[in-house]
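Undergrad: Chain residues, written in single-letter form:
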Amino acid sequence: MKKFINNVDDILVESLKGFATAHKDLVSLHLEPIFLTRKVPSMNKVALISGGGSGHEPLHTGYLGHGMLDAVCPGHVFTSPTPDQMLAAADKVNTEKGILFIVKNYAGDVMNFEMAAEMLPYEVATVLVTDDCAAGDVTAGRGVAGTIIVEKCVGSLAETGANLQACKALGDKVNQRTASMGVALSSCTVPAAGRPTFSLADNEVEMGVGIHGEAGHSRETLRSANEMAAEMLEHILSTLSPTANSEILVLVNGFGNTPLMELYLIYNSVTELLAAKGLKIARSLVGNYTTALDMAGASITLCLLDDEIKQHWDSAVHTPALRWD
Amino acid sequence: MQAQFIIASIEAVYEVILNHEAELESLDRAIGDGDHYINISRGLTKLMDLRESLQDLSVDESLNKIAMTLLSTIGGASGPLFASFFMGMAQSFQQPSDMTAKLYANAFSAGVEKLAQRGKSSLGEKTMLDVLIPVADEFKLAADKGLTSKETASALIVTAEKGVLATKELLATKGRAAGLGERAIGHIDPGAKSCQLIIETICKLILR
Numbered sequence: 000m001k002k003f004i005n006n007v008d009d010i011l012v013e014s015l016k017g018f019a020t021a022h023k024d025l026v027s028l029h030l031e032p033i034f035l036t037r038k039v040p041s042m043n044k045v046a047l048i049s050g051g052g053s054g055h056e057p058l059h060t061g062y063l064g065h066g067m068l069d070a071v072c073p074g075h076v077f078t079s080p081t082p083d084q085m086l087a088a089a090d091k092v093n094t095e096k097g098i099l100f101i102v103k104n105y106a107g108d109v110m111n112f113e114m115a116a117e118m119l120p121y122e123v124a125t126v127l128v129t130d131d132c133a134a135g136d137v138t139a140g141r142g143v144a145g146t147i148i149v150e151k152c153v154g155s156l157a158e159t160g161a162n163l164q165a166c167k168a169l170g171d172k173v174n175q176r177t178a179s180m181g182v183a184l185s186s187c188t189v190p191a192a193g194r195p196t197f198s199l200a201d202n203e204v205e206m207g208v209g210i211h212g213e214a215g216h217s218r219e220t221l222r223s224a225n226e227m228a229a230e231m232l233e234h235i236l237s238t239l240s241p242t243a244n245s246e247i248l249v250l251v252n253g254f255g256n257t258p259l260m261e262l263y264l265i266y267n268s269v270t271e272l273l274a275a276k277g278l279k280i281a282r283s284l285v286g287n288y289t290t291a292l293d294m295a296g297a298s299i300t301l302c303l304l305d306d307e308i309k310q311h312w313d314s315a316v317h318t319p320a321l322r323w324d
Numbered sequence: 000m001q002a003q004f005i006i007a008s009i010e011a012v013y014e015v016i017l018n019h020e021a022e023l024e025s026l027d028r029a030i031g032d033g034d035h036y037i038n039i040s041r042g043l044t045k046l047m048d049l050r051e052s053l054q055d056l057s058v059d060e061s062l063n064k065i066a067m068t069l070l071s072t073i074g075g076a077s078g079p080l081f082a083s084f085f086m087g088m089a090q091s092f093q094q095p096s097d098m099t100a101k102l103y104a105n106a107f108s109a110g111v112e113k114l115a116q117r118g119k120s121s122l123g124e125k126t127m128l129d130v131l132i133p134v135a136d137e138f139k140l141a142a143d144k145g146l147t148s149k150e151t152a153s154a155l156i157v158t159a160e161k162g163v164l165a166t167k168e169l170l171a172t173k174g175r176a177a178g179l180g181e182r183a184i185g186h187i188d189p190g191a192k193s194c195q196l197i198i199e200t201i202c203k204l205i206l207r
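Heads up: the protein sequence lines correspond to chains B and G, in order.
Under numbering that gives the first Met the number 0, the letters of the first sequence match residues 0 to 324, in that order.
Under numbering that gives the first Met the number 0, the letters of the second sequence match residues 0 to 207, in that order.
Source of the hints: derived by calculation from the structure; they are not laboratory data.
Heads up, some of the hints might be wrong.
[Claimed, not checked] Listing some non-contacts, in silico: residues in chain B with all C-beta distances to chain G over 12 Å: (1) 4; (2) 17; (3) 121; (4) 165; (5) 172; (6) 246; (7) 272; (8) 276; (9) 281; (10) 285; (11) 319; (12) 320.
[Claimed, not checked] Here are the computed lysine-lysine pairs in the DSS-like style, where the Cα-Cα straight-line distance is at most 30 Å: (13) B/1 x B/16; (14) G/119 x G/139; (15) B/1 x B/96; (16) G/101 x B/172; (17) G/161 x G/101; (18) B/167 x G/139; (19) B/91 x G/45; (20) G/101 x B/16; (21) G/167 x G/64; (22) G/144 x G/161; (23) B/2 x G/161; (24) B/167 x G/173.
[To be verified] What follows is a list of derived Cβ distance ranges for each label pair: (25) B/193 x G/170: 42 to 52 Å; (26) B/30 x G/95: 38 to 48 Å; (27) B/16 x G/44: 28 to 38 Å; (28) G/7 x B/30: 27 to 37 Å; (29) B/261 x G/44: 33 to 43 Å; (30) B/242 x G/170: 44 to 54 Å; (31) G/25 x B/118: 29 to 39 Å; (32) G/60 x B/233: 51 to 61 Å; (33) B/20 x G/99: 29 to 39 Å.
A quick note: this is a predicted structure, and the numbers were derived from the prediction, not measured.
Don't be surprised by glycine CBs; every beta carbon is placed ideally from N, CA and C.
Work the whole structure out from these sequences, hints included.
TA: Below, the structure is given as structure tokens:
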């Protein structure tokens, strides 16, 4: 294992300190328990709290700020955060409008946020993100890169002063209309474990991989980018069933160790494949938005837009990792 | 169950889990994401620090403290699951009553039930419950039959061992291994393995 480390036990805190200092105009870091909040807390809005295991940066810390999240609870690498973090974060950002948890559908995240919700004295609702369609059923999927589309849209709505039910409803709707699938070209190495989580031969890929280097649903032979993109799109489109005039948001996401050049190449494959099906790409995002440490590979996410989702995707956002006017 | 037994159990379990680092890690790398050992050992290290503060607590207070400590240190799925187990068990000891085998057996079952509720899981899904549910049933049976604590401990070690081996041939329908489909077959579930080790260790303390 070759990584930038001082002491393996200090990775998380040292990285968060660097992040918080680099973006000190936007975020504040709280320790014991660990959580981050916006530098300037917002009043009179539903407080959006997310979190999950670390190692997916910029998810979620990079999405703290105006138009997205109010607080983030990072766990250890690939390990869900704990309820005490969520309780402390909720105490800090709660307003009278209640708290919305945005949770990726992984057993650990679900259970820890669930226990926090049971313990909190505030009104709490949860949006469960289930966009990974590798398992073939969007309702049972894991929460992966589509999470940022949920966080962006709900974050935008929350800024308008919308109530908790409305925020949850939009989050659920975006989730229903979003599907993702990933493919890994290499494993990743959890620093504390010190060696790759799985191994792939030079000519193998892991199709349907999650964002923790957990194996996907099939081990396949490496093929052309067009062929692999086509396979992923087939799963995604059969999950979403877009109609001929659907407008689509496409997110091509890198897992951490694939160059941007290749991500744009995949995006090019996606545009051609969708054009051949008569589907219109209305919005796009290409880059490393939900990573899996040093895994090589990428995921494709499609979101079926409607006017409401498009409006909230387009609205101004000012966070460390996503910023437009 | 006295404070000294709880403390001795923490020490023994800590040692055994540390000695099985390589095994637990490789089981989790095969069908999970390789962090099970790291998480569980982080929780146990925190429990070791807690030992002194458990000396003067009642059983239910001790179990609740263990639950909250594990909940805030383990994370992942194991944190809430182990915490729910100890919370469920603690509830059974809240009412003052004689410390009979039946009370222990019922408390164990109550813990397993809470854990199953939290994980929304049951027998046969390739999880820790494949060890815990048979052990809970065997424990109750032993209490009903009036077995001695040593006879019970011996029986539970065997049941836990059978449970963990049974996970090998199961399809995973809960937890991260669920995404693997048939590829999970042939692998022992790491959570089931750590539960089996913990049960075996505490039973061996009773047999000593």
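Undergrad: For every hint, state whether the structure bears it out.
TA: Hints, verified against the model:
Taking the minimum C-beta to C-beta distance to chain G, about 15 Å, the non-interface status of residue 4 of chain B holds against the 12 Å cut. Residue 17 of chain B, annotated as away from the interface, keeps every beta carbon of chain G farther than 12 Å; the closest lies near 22 Å. Residue-level check passed: residue 121 of chain B sits 19 Å from the nearest beta carbon of chain G, beyond 12 Å. Interface exclusion of residue 165 of chain B from chain G stands, the closest Cβ pair being 28 Å apart, more than 12 Å.
Every C-beta of chain G lies more than 12 Å from that of residue 172 of chain B, the closest at about 24 Å, which supports listing it as non-interface. At roughly 30 Å, the least C-beta separation between residue 246 of chain B and chain G is larger than 12 Å, which holds for a residue marked as non-interface. The claim that residue 272 of chain B lies off the interface holds: its Cβ sits roughly 25 Å from the closest Cβ of chain G, which is beyond the 12 Å cut-off. With a cut of 12 Å on Cβ distances, residue 276 of chain B stays outside the contact zone with chain G, its closest approach being about 27 Å.
The Cβ of residue 281 of chain B sits about 31 Å from the closest Cβ of chain G, beyond the 12 Å cut-off, so the non-interface label holds. Every Cβ of chain G is farther than 12 Å from the Cβ of residue 285 of chain B; the closest lies at roughly 26 Å, confirming the non-interface assignment. Even its closest Cβ contact with chain G, about 24 Å, leaves residue 319 of chain B beyond 12 Å, as expected for a residue assigned away from the interface. Taking the minimum C-beta to C-beta distance to chain G, about 23 Å, the non-interface status of residue 320 of chain B holds against the 12 Å cut.
Taking the CA atoms of residue 1 of chain B and residue 16 of chain B, the gap is near 22 Å; set against the 30 Å cutoff, the hint holds. For the given pair, residue 119 of chain G sits about 23 Å from residue 139 of chain G by alpha-carbon distance, which is consistent with the 30 Å threshold. For a cut-off of 30 Å, the pair hint linking residue 1 of chain B to residue 96 of chain B is broken: about 46 Å separates their Cα positions. A hinted pair counts as satisfied when its Cα atoms are at most 30 Å apart, and residue 101 of chain G with residue 172 of chain B does not qualify at roughly 50 Å.
Using a Cα cut-off of 30 Å, the hinted pair residue 161 of chain G and residue 101 of chain G holds, with the two alpha carbons roughly 23 Å apart. A C-alpha spacing of about 44 Å is found between residue 167 of chain B and residue 139 of chain G, which places the hinted pair above 30 Å, so the restraint is violated. Restraint check: the Cα-Cα separation between residue 91 of chain B and residue 45 of chain G comes to about 26 Å, which is no more than 30 Å; the hinted pair holds. A hinted pair counts as satisfied when its Cα atoms are at most 30 Å apart, and residue 101 of chain G with residue 16 of chain B does not qualify at roughly 52 Å.
Distance restraint check for residue 167 of chain G and residue 64 of chain G: the Cα-Cα separation of roughly 33 Å exceeds the 30 Å cut-off, and the hinted pair is therefore not satisfied. A C-alpha spacing of about 21 Å is found between residue 144 of chain G and residue 161 of chain G, which places the hinted pair at or below 30 Å, so the restraint holds. For the proposed pair residue 2 of chain B and residue 161 of chain G, the alpha carbon gap of about 41 Å is over 30 Å, so the pair is violated. A threshold of 30 Å between alpha carbons decides the hint, and for residue 167 of chain B with residue 173 of chain G the separation of about 26 Å falls inside it, so the pair holds.
Between residue 193 of chain B and residue 170 of chain G the Cβ separation comes to about 30 Å, which falls outside the hinted range of 42 to 52 Å. Checking the proposed 38 to 48 Å range against residue 30 of chain B and residue 95 of chain G shows it holds: the Cβ atoms sit about 41 Å from each other. Range check, residue 16 of chain B to residue 44 of chain G: about 23 Å between beta-carbon atoms, so the 28 to 38 Å window is missed. The hint said 27 to 37 Å for the Cβ distance between residue 7 of chain G and residue 30 of chain B, and at roughly 34 Å that hint holds.
Take residue 261 of chain B and residue 44 of chain G: their Cβ atoms lie about 41 Å apart, and the range 33 to 43 Å holds. Under the hint 44 to 54 Å, the C-beta atoms of residue 242 of chain B and residue 170 of chain G, about 36 Å apart, miss the expected range. Judged by the Cβ atoms, the range 29 to 39 Å given for residue 25 of chain G and residue 118 of chain B holds: they are separated by roughly 35 Å. One distance hint, 51 to 61 Å for the beta-carbon pair residue 60 of chain G and residue 233 of chain B, holds here, with the actual separation near 57 Å.
Restraint check, residue 20 of chain B to residue 99 of chain G: a C-beta distance of roughly 58 Å breaks the suggested window 29 to 39 Å.
Hint violations for this structure: numbers 15, 16, 18, 20, 21, 23, 25, 27, 30 and 33, all remaining hints satisfied.
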